Amino acid sequence: MRTDRGAAGMAMIVSEPAGAVIALDFDGTLSPIVADPSAAWIHPAAPAALIRLAEHVARIVVITGRPPSTAIALGDTPDGPDLIDVPGLLILGHYGLERWEGGQLSAPPAPAGLDLVRNELPALIAALGPAADGVKIEDKGRAVAVHTRNCADPDGTLEALREPVALLAGRAELVVEPGRKVLELRGPGMDKGRALREVLAEVSARSVMFIGDDLGDLAAFAAVIEADIPGVRVCSGSAEVAELAESADVVVDGPPGVVALLEALHKSMTSRDQ
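Sequential numbering of the sequence shown, starting at 30, is according to this note's numbering.
Simulated from the structure, these hints should not be mistaken for lab results. These numbers were taken from a predicted model, which means no experiment stands behind them. Backbone N, C-alpha and C fix where the C-beta goes; we use that ideal spot for every residue, glycine too. Watch out, some of these pointers could steer you wrong.
As the list claims (entries may be wrong) - Now the in silico label distances, taken between C-beta atoms and shown as ranges: (1) R200 - A293: 45 to 51 Å; (2) E255 - G199: 25 to 31 Å; (3) A181 - S67: 45 to 51 Å.
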C-alpha cells in the first residue's frame with residue numbers, strides 16, 4: 030500500500046465489507062489490452078473472484094467505455110463461471126450512459142452527432158496517407174473509437190489524429206476521450222467519476238475501491254477522493270499510462286494482479302470472520 034489513505038480504505042473494506050462498493054474498469058483491468066479489441070477476453074479467474082466477493086460486499090460494479098453487451102460477451106470464460114454469473118452485478122457501459130442490471134438494459138438515445146462522425150471519420154483518417162495504415166475504427170453504438178495500436182508508429186499516428194478528431198467532435202457536439210492508443214468520440218455529460226458517485230449514493234456506501242488502467246479512470250479516482258468515505262484507488266499497471274499509477278494507492282501488475290488483489294481481499298474478509 031503506497032498511501033495512508035489507501036491503507037485506511039482497505040481496512041474499512043475488510044472490517045465492514047457489507048458497506049463496500051468494488052468498482053472496476055473492464056479493458057486492461059479485467060481483460061488484457063490486445064491488438065484486436067474484440068478479442069479482449071476476461072481473465073479466466075476474474076469471474077470466480079468477483080463471485081466470491083459479491084457474497085460479502087454491497088455491490089460489484091463494472092464501469093466501462095464498452096457497451097454492457099460487449100462486456101458480457103467478453104466476460105465468458107472457457108471453463109468455470111462467467112462475468113454474468115456475478116450475483117447482483119451492475120454494468121455501467123459507455124462511461125455510465127447505459128445501465129445493465131439483472132438482465133435489463135436502460136439507456137438514453139444515442140447522440141445524433143455520431144452519424145456525422147461515421148460519415149466523415151474514414152476520410153479524415155485516409156488523409157494521413159501511409160501513416161494511417163493499421164488504424165481501426167470501432168463503432169460502439171453510442172460512441173466511435175479510433176485505435177492506432179496496430180500502426181507502424183502508434184503514438185505518432187495518435188498525435189496526428191488528435192486535432193482533426195477534436196475538430197470533428199466539436200462539429201458533432203461530442204467529446205473526445207483519450208486512452209491507450211485510442212481516441213473515442215462520445216456524448217458529453219457523463220464520465221466514470223459521475224457514474225461511480227451515483228452508485229455510491231444509491232447504496233449508501235461506507236467504503237469504495239475502484240480499479241482501472243487508463244486515462245478515463247482518473248475521473249473515478251477523483252470520485253473516490255471526493256466521496257468522503259474511506260476508499261482505495263487501484264491501478265492495473267501499465268507503462269503506457271503513468272498518470273494513473275502516480276495517482277493510485279495501489280499498483281498491481283495488469284489483470285493477473287487485479288485477480289490476485291481480489292482474491293487476497295476475499296481471503297482477508299473471510300479470515301476476519303473465522
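Broken hints, numbered, in rising order? Those not satisfied come down to hint 3.
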